[in-house]
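All letters in the sequence shown, in the order written, are residues 448 to 737 by the working numbering.
Hints in this document: simulated from the structure, not taken from any laboratory. Just so you know, not all the hints are guaranteed correct.
Listed next, with one range per pair, are the computed distances between beta-carbon atoms [unchecked claim]:
id, residue 1, residue 2, range
1, Met552, Ser457, 30 to 36 Å
2, Pro494, Met721, 22 to 28 Å
3, Lys513, Ser642, 44 to 50 Å
4, Gln645, Ile722, 35 to 41 Å
5, Tyr661, Glu630, 39 to 45 Å
6, Leu474, Arg599, 22 to 28 Å
7, Ala563, Asn703, 20 to 26 Å
8, Arg599, Gly546, 36 to 42 Å
9, Ser643, Lys545, 15 to 21 Å
10, Ser702, Thr548, 17 to 23 Å
11, Tyr510, Gly627, 45 to 51 Å
Don't be surprised by glycine CBs; every beta carbon is placed ideally from N, CA and C.
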Amino acid sequence: MKRKRYNSQSAYLFILPYFLLLLLFFLLPAGLILPISFTNWSIVGSPKWVGLGNYIHIFKNNYFWKALGNTLYYTVMVTVCLTFLGMFLATLLNQKLKGRTIGRMFVFMPYVISSAAAGIVFRWIYDQNFGIIASYLHKLGLPSIPFLTDPRLAMISIILMNLWWSVGFNTIIYLAALQGIPEELYQAAEVDGASSTQIFYFITLPLLKPITLYVTVLCFANSFQMFDEAYIMTQGGPLGSTTTLVLQMWNTAFSNFHFGEAAAISMIIMAIIMIVTLLQFRLGRQKEEG
448 MKRKRYNSQS AYLFILPYFL LLLLFFLLPA GLILPISFTN WSIVGSPKWV GLGNYIHIFK
508 NNYFWKALGN TLYYTVMVTV CLTFLGMFLA TLLNQKLKGR TIGRMFVFMP YVISSAAAGI
568 VFRWIYDQNF GIIASYLHKL GLPSIPFLTD PRLAMISIIL MNLWWSVGFN TIIYLAALQG
628 IPEELYQAAE VDGASSTQIF YFITLPLLKP ITLYVTVLCF ANSFQMFDEA YIMTQGGPLG
688 STTTLVLQMW NTAFSNFHFG EAAAISMIIM AIIMIVTLLQ FRLGRQKEEG
């Protein structure tokens, strides 16, 4: 009994730093921002209480709904693609193939650099006049592609950049999960005459469900807060096609100096992330119990 209590106390000590960081960088700022969202605070003058005025103005603003649509489109595309790509690459790199160590290194290497640095590199790659892609197209006698200046291509270009940059992280998570599956399960299935496809669908996939839920939640939360890529590569253009909610919040605060309204946008973002995350965990539990 004493040993169990000691182990429990040790576990709490290990997670204590995480909760302190959560309190310092999430709960405390959220508690400070919430009252600001009910004021008309700007860079000039003292803040005045406006109640739900900021929220009403935001929901009546067409730019907010466009930014929300852009954010949802980006988030869904990135979350779905990263989940499947991470699982696919992890399954491939888990095979006993020559050069898999080098393959793992190349897959994970982009994630070592910051998203801001990746955005700068891809802005140059996508450049319609001086980029690498434009250079090769010119050599072939083909016209350059307006990756970042065409509203139809700009968001897709940012999504592709993000997939290249962050797929390695998901791959490592899935790879660790795959290596934790007992080899005896695969051997028993092979003895029973199961094919590789059947083994994957009936053994690997069910055992990866908890990891898939974790990856999906993480991808959603990170993607929904996308800022660096859009700010560096397009500044939210062209024609607002890459303006996300976080970028809208930034512009509201530091271009228009409406800090109260920007605080309200940040609270809306936080509420959406929390609601979707809780729903994802609830659905995951229902599937496990069912």
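Hint numbers the structure violates, sorted upward? 5, 6 and 10
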